[in-house]
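S.K.: Residue numbers (this note's numbering), protein chains in the order written: chain A, 201 to 766; chain B, 44 to 521.
Take these hints with a grain of salt, some might be off.
Covered, in the sense of this in silico footprint (three residues per stretch, anywhere, with C-beta under 8 Å from a C-beta of chain B), are these stretches of chain A [what the hints assert, rightly or not]:
1. 328 to 334
2. 337 to 345
3. 409 to 416
4. 427 to 434
5. 454 to 464
6. 745 to 757
Here are the simulated DSBU-like cross-link-like pairs (lysine-lysine), alpha carbons at most 35 Å apart as the crow flies [unchecked claim]:
7. A:Lys536 / B:Lys373
8. B:Lys211 / A:Lys416
9. B:Lys292 / A:Lys253
10. B:Lys222 / B:Lys365
11. B:Lys82 / A:Lys225
12. A:Lys491 / B:Lys325
13. B:Lys238 / A:Lys294
14. A:Lys491 / B:Lys211
Hints in this document: simulated from the structure, not taken from any laboratory. Note that beta-carbon positions come from the ideal geometry of N, C-alpha and C, so glycine has one too.
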Amino acid sequence: VTNPQNAVAEPDASSVAELLQLVEKGLRAIQLYLPNNPMYSQSLDNLRKGFAKVWAEMGDVTLRVKGSSGFDWQGIEIASSEDKNDLLAWTLYKDGIRTLTFMPGVEEDEIVRFLGVVNRVRSLATDAEDDLLTLLWEQEFFHIQYMYVELGTDDMPSLQSSANFGTPPAPESVNQTVQEEVQDESAKETALAIASMEDFDSTLYFLDDAEIRHFKEELEREYQQDLRSNVLAMLFDILELHEYDNARGRVVEILEHLLPHFLGAGDFTAVAVVLSESRTVLERLSGLEPKLRQVLEQLPDRLSQPETLSQILQALDEALVHPTEEALGELFKSMKPEAMDTILAWLPRLHTDTVRDLLERAVDPIAQYHPEAVGRALKSEDRAVILGALRLVERHNLQTLVGQLAPLVGHTDVSVRMSLVDALAAVGTPVAMQSLRRLVADGDRDVRIASVKALTEKGHRQAFEEIDAQVQEKVLKSTDLGEKRVFFEAYGLLGGDKSVEPLSTLLVNKGLLKRKWDPETRACAAAALGKAGTASAKAVLEGVRADKDPLVRNAVLKALREIRIP
Amino acid sequence: MIEVSEAKLRQSGRQFLIAFYAALRTLKLYPLENEQTQKSLDDLAATAAVLIDLEDELELRIAGEFLFVNETRLRLDLDNYASFSHVINTLRHVEVGLMRAKEGVDRRQWQVFAALLVALSARESENSLLSELREKMGTGGVLHITVEPPVAGEGLQTDEAERKEMAKRTYERGVGVTKELVSSARMGRTASMKKVKRAVQGIVDQVLNNETSLVGLTTIRDYDDYTFTHSVNVCIFSISMGRRLGLSKLQLYDLGLAALLHDMGKSRVPLEILNKAGGLTKDEWAIMQAHPWLGVLTLIDLQGYADIPYRSIIVAYEHHMKVNLTGYPKSIRPRTLSIFSKLVSVADVFDAATSRRVYATTPIQPDEILRQMTINTEKLGFDLVLVKALINLLGIYPVGTCVILDTYELAIVHSANPDNELINRPVVRIISSDLGAIHKEGPLVDLGERDADGTFKRSIIKVTDPAKYNIIPSDYFV
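Sequences and hints are given; from them, build the entire structure.
M.R.: Here you go:
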């Protein structure tokens with residue numbers, strides 16, 4: 201057994217001083233660097249090593265906080281080279297902390313949280329709702345303890361015993377009243393009933409499993425609920441149910457002010473609730489003062505302003521948690537159609553797929569309810585806006601906008617003309633097909649091919665003339681086999697019997713003065729005859745079944761297989 | 044060799060003490076199944092095993108301000124005062140001067156032992172807590188740990204006065220910040236929520252560490268300061284009930300803040316209505332009934348739009364709604380009552396009914412209102428689980444109830460009996476002798492105490508109105 205007299209070691213402040221330096225360096229690292237910065241990690245690693253060294257020598261480290269002169273450990277002053285305002289001891293002292301104890305285990309996680317709080321408190325405004333003590337309390341530290349003095353409590357009221365303590369009633373009087381009370385039979389009965397616990401089922405003192413479950417579920421709901429929407433529901437109830445004009449005015453004013461705060465917080469669900477409930481109130485509450493009605497009516501306008509909306513979309517793109525589709529739909533449904541251009545301009549710029557998907561789907565209601573907004577977007581000078589609008593025309597088959605599509609045939613941007621092909625094909629009205637036919641002669645190969653394919657898919661025979669002209673003017677002279685094949689197939693399919701003779705001329709190569717076409721063109725002509733699929737086409741193909749050129753022969757045989765007539 | 048073993052013993056002793064402290068603290072704060080509680084008990088068993096391995100037994104002895112582990116003194120100084128003094132105070136409270144654990148002690152025994160210490164340390168009793176501890180250790184199968192009283196001369200030191208003082212300061216601060224808040228609201232100024240936060244955090248701390256003293260102060264029901272003391276009382280009751288229902292510390296804060304602010308709407312009710320003696324007219328009553336929704340507007344204005352206390356607003360709005368959504372204010376939009384609103388509602392009704400107010404100068408006796416709340420739970424629109432929690436907190440005879448005992452002594456209920464089986468036998472303070480002499484500082488008596496023949500020493504035969512005896516129950520708690 202050891203001798204207790206020898207068990208206490210003399211204090212050595214060097215390792216504690218070293219530890220405090222590391223704590224202050226750690227605090228600086230938290231202030232200057234993000235957690236993914238190597239300097240941040242290194243600083244905290246050093247701090248953990250510092251704690252390990254101290255724990256090897258002693259138990260808890262308790263420091264007296266001396267304010268601007270630093271700390272005191274077991275009577276030894278440990279100063280710091282930091283400026284007063286950067287001094288950890290000063291930050292602690294000015295909010296009331298007088299001793300600080302680090303216990304083994306603090307190095308695992310709590311020290312980082314502790315330094316985080318100290319760092320945060322340095323940037324708090326004087327009228328902030330928190331100070332060091334409130335923030336430290338919230339952390340529920342287990343390995344850090346602190347003692348503090350309450351500052352600014354001098355004006356607190358003082359609880360005093362009542363004056364009665366000075367004038368107790370006479371014992372005889374007390375005794376007599378007690379006797380009377382006890383002898384009062386009716387009162388005794390009541391008393392006995394209470395004392396016998398009959399009014400209180402004994403199970404009252406224990407919650408059964410179902411009750412515990414009920415409480416847990418309620419508590420879970422408490423913390424899962426959408427607090428803002430809940431409070432908004434109250435505000436709208438107050439607005440509808442209480443007819444005091446000043447209360448209504450105040451509620452409307454609150455709603456007006458809350459909107460930018462919700463936007464700032466990225467709470468689009470709350471924004472959507474404000475907009476939709478305002479609409480409900482406007483419909484239901486006929487007695488609302490005109491001035492207040494006007495404020496509610498104008499709420500959506502504010503969100504549709506390009507600057508505000510751009511902020512919303514940027515915030516949406518950068519947010520970690522995205523609103524539900526329903527909330528977004530509600531938000532955009534409430535917007536004015538003028539918002540369309542801004543949304544469409546932002547769509548291609550968004551980095552987050554989820555947001556883009558949500559936004560693309562959320563913009564649909566605007567297109568459905570306000571097609572004229574899409575029409576305006578088609579006239580935009582911003583290519584992205586036009587492209588977005590064209591996608592909406594295609595998705596929603598906005599036939600009323602067909603007149604506004606026609607001018608885009610001549611748009612200088614190829615991607616616009618490409619999207620226009622899809623939009624026109626989707627609309628599919630005679631006017632749309634007319635515009636599509638104009639694109640057969642487009643200056644861009646891809647646009648030509650896309651439009652011809654679209655016309656072919658639609659079986660739009662009226663396009664034969666444009667395709668014929670194009671075949672004669674350009675395609676025959678081109679060496680692009682891909683384009684040639686698409687045009688020839690469309691030629692045969694849309695031309696039917698009309699196409700047989702020209703195609704036959706190309707395929708058969710008869711006569712001394714006739715131009716002899718290359719095998720690829722002839723093969724395309726054979727394929728086109730197969731698409732024409734008529735008896736005369738078949739007859740032409742049968743005539744060249746044994747062509748000497750293998751490429752042509754194969755194309756002929758393939759085309760003949762396609763023709764279903766006997 | 045001796046140096047090595049001495050150093051090791053000292054280090055192991057410190058580790059054991061820290062683990063012991065951690066186990067006591069977690070058991071006090073969290074339920075047994077909590078991960079942190081379980082880990083602290085694992086650590087306690089493991090650190091004790093290290094010492095028992097070293098010297099075959101573990102002996103922890105309190106001597107003055109020092110702790111000895113197997114005769115090695117662990118100095119109680121600023122290095123370790125926080126954990127060591129907690130352990131010392133806990134052991135002292137249950138009159139333990141020496142604790143000895145022998146080979147064979149397992150984790151289960153440590154768990155039972157630590158849990159008993161935590162339970163008994165929350166108790167005030169004139170009977171020997173040490174005897175009770177020993178008895179319960181025996182029935183709990185704690186066979187390898189023994190406890191002994193302090194050696195002569197190291198007598199028991201009670202810190203009850205200090206606890207009472209701390210509770211008082213906490214209560215005073217609660218009343219102070221509530222006054223400030225109401226005053227700010229009346230004048231249309233924003234208020235300092237920092238002070239409010241500190242006050243509520245302080246109440247949570249006191250409920251977790253010193254509940255009896257703080258709940259005792261809820262007997263202050265003075266109508267001059269009714270609005271303020273009522274808010275603080277509701278805050279204390281709500282947090283205490285929440286604690287019994289297993290809420291975390293941060294959840295207790297949320298609940299406490301909401302409870303403290305629940306009546307803020309009254310700051311917009313004209314004082315002449317608020318303080319009107321006698322009945323209110325229909326119009327006045329309508330204005331009074333507006334206070335929940337006026338509370339919504341008040342709390343939104345309190346700090347500005349960036350820091351709206353949403354959860355508190357919900358409670359302020361809903362605290363007069365019944366579980367079936369009757370009550371007031373009326374709702375158009377679908378609403379499910381918040382559990383915090385329901386909880387505050389129970390605390391609110393209890394405190395209001397038992398208080399003397401300008402318009403209700405004869406308060407209902409605490410046991411009577413509790414009985415009404417139990418019998419008419421549905422009619423009154425309460426959640427039964429929460430009424431149970433209130434009764435669990437207060438007992439059948441709530442704190443502050445004035446009773447007549449079968450000894451013809453008058454007594455004030457001091458706290459509920461911690462033994463659920465004896466919930467109708469609270470701990471009381473005797474305030475008069477059988478001959479009628481009123482005591483200023485009467486003794487505390489556990490009505491669960493029995494004579495040698497097994498009969499109860501004292502029983503309640505009647506609940507009485509303290510006003511009949513010119514007694515103000517809160518005088519015995521302040």
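S.K.: Each of the hints needs a verdict: does it hold here or not?
M.R.: Hint-by-hint comparison with the structure:
1. Chain B is given as covering the stretch 328 to 334 of chain A, and this holds because 6 residues of the stretch bring a CB closer than 8 Å to a CB of that chain, at least three being needed.
2. Only when three residues or more bring their CB closer than 8 Å to a CB of chain B does the claim for the stretch 337 to 345 of chain A stand; here the count is 5, and the claim holds.
3. Three residues within the 8 Å Cβ limit are the bar, and the stretch 409 to 416 of chain A against chain B gives 3, so the coverage statement holds.
4. A stretch counts as covered by a chain when three or more of its residues have a beta carbon under 8 Å from one of that chain; for the stretch 427 to 434 of chain A and chain B the count is 6, and the coverage holds.
5. Counting residues of the stretch 454 to 464 of chain A whose CB lies closer than 8 Å to any CB of chain B gives 4, which reaches the minimum of 3, so the coverage claim holds.
6. Requiring three or more residues with a Cβ within less than 8 Å of a Cβ of chain B, the coverage given for the stretch 745 to 757 of chain A is violated, as only 0 such residues are present.
7. Between the alpha carbons of lysine 536 of chain A and lysine 373 of chain B the distance comes to roughly 33 Å, so the proposed pair stays at or under 35 Å and holds.
8. Using a Cα cut-off of 35 Å, the hinted pair lysine 211 of chain B and lysine 416 of chain A holds, with the two alpha carbons roughly 33 Å apart.
9. Annotation: proposed proximity of lysine 292 of chain B to lysine 253 of chain A holds, straight-line Cα distance about 33 Å (limit 35 Å).
10. The straight-line distance between the Cα atoms of lysine 222 of chain B and lysine 365 of chain B is roughly 28 Å, inside the 35 Å bound, and the hint therefore holds.
11. Between lysine 82 of chain B and lysine 225 of chain A the alpha-carbon distance is near 32 Å, which keeps this suggested pair within the 35 Å criterion.
12. In summary, the hint linking lysine 491 of chain A to lysine 325 of chain B is supported, as the alpha carbons are separated by about 31 Å, within the 35 Å threshold.
13. Straight-line distance between C-alpha atoms of lysine 238 of chain B and lysine 294 of chain A comes to about 16 Å, which keeps the hinted pair within the 35 Å bound.
14. For the given pair, lysine 491 of chain A sits about 52 Å from lysine 211 of chain B by alpha-carbon distance, which is inconsistent with the 35 Å threshold.
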